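Student: Listed below, chain by chain, are the residues.
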Amino acid sequence: MRKTFKVKGMHCNSCNWLISENVKEIKGVRSVEADFTKRETVVEFEKPATEEEIIKAIEKEGGYKVENIS
Amino acid sequence: MVEKDVYIRELNCEACERLVERIAIRHSVKLEDVDFQQKRARLSGETPQMEAMAQELEKMGYSTSFERVPRGGKGKMRLINFIRGAIFGEDNYKVEAKGVEIFVFSFVILAVATISMSFVGIITGDSTYYAFLSLISIAVIIAVAWQVEAYRDSFTHMNGMMIGMTIGMTAGFLAGAIVGATNGMFIGTVYGMLIGMAAGAYLGYCCGIMGVLEGLMGGLMAGTMGAMLSVMMIFDNLKLFLPILLASFVIIMFGLSYMIHKENIGFKAEKPKIWGFLALALLVHIITLLVIAYGPKSAAVLAG
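Chains as they are written, first to last, in the working numbering: chain A, 29 to 98; chain B, 787 to 1090.
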C-alpha cells in the first residue's frame, strides 16, 4: 500500500530526516520519502503497519500535524 | 571526556537541534547546547565519536566544521587575503579563484563573439560600445553565478534572499540600461525584466521560494529602472554615465562574492561544470547583441 500524508509543520531537511527515521521504525514500512518542499511524506507499507501508527510516528516529534491522507 | 564545538551550516531550527541530538546519542556524544546564530552545537564526549557523528551528518547532507566560522569584525586583512587568494588560487580560495578564471575565459569568448559580429556588420557604430559594456556585465555576473552554484547547498534563507535580489537587480538593471540605450524604453524594459527575473530566480532558488521571489522582484524592478534611466539620460551624457554604472555594479558583485566566501568558510563546495556557464554567457551575449542590432528602436533613441 502506498499513501501520501500531507504534513503541516515540515519546513527543512531536518524535518525530512526526523519524520523518515520515525516512520521507518514501524514494522511493515517498506519505504519512506519525506519532502518538506511539498509538505508531504509518501509511505509504502504493508501489514502489520497501519495508517494510525504512521500518523503517530509522524506526529511523535512536536510541531508536525498530519492534515490529509491520499 | 572533552567539550567541543561543531559548526553546522544548516543548523537553523528546533528540528535541526533534535536531529543533531539524535545523531549525537547514536555516537555516545552529548549535545550540551546549540546557538543558531553562530550555527554552533556544543558537544561533550570522546573526540573520535564526535568526528564519527560529524561524518554521519555530512553523509546526510549537512556541512560540518570543527573550526570556528569567522564572521563580521574587523575585516580589512581578510578582504586583502580574499583578493590575493582569489587571484593566486591559494588554499581556502579555490572556488573564488575558479570564479576569476571563468571571468577571464568568458571575457575572451564574449570579446571574440563581439568582434566577429562587428566584423560581419551585425554590430556597427555606437552599438559596438554598448556591446562592450554588455560583455563585461555578463562576464562578471557569470563568474559570481558559478560561485553561487558551487555553494548552492550550503546557503541559509537569508543568503538566498540577498543573492536572488543582488543578482536579479544587477542583471536586470544592466541589461535594461544597455538595451534601453540602443532600442528605447519598451524593448529595454522587457529585456531587462526577462534577464533580471530569470537570473535572480535561478540563483535565488538555492534557498527556496523566498530567494526566488526576491530574484523575481529585483529583476522586475531593475529591468524597468535600467531602461528608464537610459531613456531619461539619452540627451545627457549617457555614454559617459553607463561605465560609471557598470563600475558600481562590479563593486557590488565583488561585495556579494566576498559575502558568499565568508558565509561558506570551512564548508564543502561543489564543482559545477565550467563549460555550461561559459555557454550560457555566450548565449545571453549573442541574444543581447541581436536584440541591439535587430530589435525595434524608439523615436527617442533614433533622435539621440
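In short, the hints are calculated from the structure, not lab data. There could be a bad hint or two in this list.
Unchecked claim - Keeping only pairs whose Cα atoms sit at most 25 angstroms apart, straight-line, the calculated DSS-like set for lysine-lysine is: (1) Lys52/A with Lys880/B; (2) Lys1057/B with Lys880/B; (3) Lys845/B with Lys1048/B; (4) Lys84/A with Lys31/A; (5) Lys816/B with Lys88/A; (6) Lys55/A with Lys84/A; (7) Lys66/A with Lys1059/B; (8) Lys1057/B with Lys1083/B; (9) Lys1048/B with Lys1059/B.
To be verified - The following label-pair restraints were derived from C-beta to C-beta distances: (10) Lys1083/B with Thr32/A: 18 to 28 angstroms; (11) Lys36/A with Arg812/B: 23 to 33 angstroms; (12) Gly56/A with Arg828/B: 32 to 42 angstroms; (13) Lys31/A with Lys1083/B: 54 to 64 angstroms; (14) Lys1057/B with Gly90/A: 48 to 58 angstroms; (15) Glu74/A with Ser814/B: 48 to 58 angstroms; (16) Lys36/A with Ala883/B: 18 to 28 angstroms; (17) Glu876/B with Lys31/A: 32 to 42 angstroms; (18) Arg58/A with Glu1056/B: 53 to 63 angstroms; (19) Tyr915/B with Lys36/A: 26 to 36 angstroms.
Said to hold, decoys possible - Some chain B residues close to chain A (C-beta under 8 angstroms, calculated; not the full set): (20) Glu796; (21) Asn798; (22) Cys799; (23) Ile811; (24) Gly847.
Since this is a predicted model, take the numbers as computed values, not measurements. Glycine is no exception: its CB is placed at the ideal position from the N, C-alpha and C atoms.
Student: Taking the hints in turn, state whether each one holds.
Tutor: So, going through the hints one by one against the coordinates:
Between the alpha carbons of lysine 52/A and lysine 880/B the distance comes to roughly 40 angstroms, so the proposed pair goes past 25 angstroms and is violated. Our distance criterion of 25 angstroms between C-alpha atoms is met by lysine 1057/B and lysine 880/B, whose separation comes to about 10 angstroms. Restraint check for lysine 845/B and lysine 1048/B: satisfied, since their Cα atoms lie roughly 23 angstroms apart, inside the 25 angstroms limit. A distance of roughly 15 angstroms separates the Cα atoms of lysine 84/A and lysine 31/A; the hinted pair therefore holds under the 25 angstroms criterion.
Using a Cα cut-off of 25 angstroms, the hinted pair lysine 816/B and lysine 88/A holds, with the two alpha carbons roughly 21 angstroms apart. Restraint check for lysine 55/A and lysine 84/A: satisfied, since their Cα atoms lie roughly 14 angstroms apart, inside the 25 angstroms limit. At most 25 angstroms may separate the alpha-carbon atoms for a hinted pair to count; lysine 66/A and lysine 1059/B exceed this at roughly 29 angstroms. The suggested pairing of lysine 1057/B with lysine 1083/B is violated, with an alpha-carbon distance near 42 angstroms, which exceeds 25 angstroms.
Proposed proximity of lysine 1048/B and lysine 1059/B is supported: the alpha carbons are some 23 angstroms apart, at most 25 angstroms. For the pair lysine 1083/B and threonine 32/A, the supplied restraint of 18 to 28 angstroms is violated, since their beta-carbon distance comes to about 54 angstroms. In this structure the hint that lysine 36/A and arginine 812/B lie 23 to 33 angstroms apart at CB holds, the actual value being about 28 angstroms. Against the hinted window of 32 to 42 angstroms, the Cβ-Cβ separation of glycine 56/A and arginine 828/B comes to about 39 angstroms, which satisfies the hint.
The supplied range of 54 to 64 angstroms is met by lysine 31/A and lysine 1083/B, whose beta-carbon atoms lie about 60 angstroms from each other. Distance hint for lysine 1057/B and glycine 90/A: a CB-CB separation of about 39 angstroms, inconsistent with the stated range 48 to 58 angstroms. For glutamate 74/A paired with serine 814/B, a C-beta distance near 34 angstroms fails the hint of 48 to 58 angstroms. Evaluation of the 18 to 28 angstroms hint for lysine 36/A and alanine 883/B yields a failure: the beta carbon distance comes to about 45 angstroms.
Separation of glutamate 876/B from lysine 31/A is about 53 angstroms and departs from the stated range, judged on CB atoms against 32 to 42 angstroms. Range check, arginine 58/A to glutamate 1056/B: about 32 angstroms between beta-carbon atoms, so the 53 to 63 angstroms window is missed. Roughly 56 angstroms separates the CB atoms of tyrosine 915/B and lysine 36/A, a value that falls outside the hinted 26 to 36 angstroms. Satisfaction of the interface hint for glutamate 796/B is found here, the shortest Cβ-Cβ separation to chain A being roughly 6 angstroms, below the 8 angstroms cut-off.
Among the interface hints, the one on asparagine 798/B holds; its C-beta lies about 6 angstroms from the nearest C-beta in chain A, closer than the 8 angstroms criterion. Interface restraint check for cysteine 799/B: the shortest CB-CB distance to chain A comes to about 6 angstroms, inside 8 angstroms, so the restraint holds. The closest approach between the C-beta of isoleucine 811/B and any C-beta of chain A is roughly 12 angstroms, which is over the 8 angstroms cut-off, so the hint fails. About 6 angstroms separates the beta-carbon of glycine 847/B from the nearest beta-carbon of chain A, less than 8 angstroms, and the hint is met.
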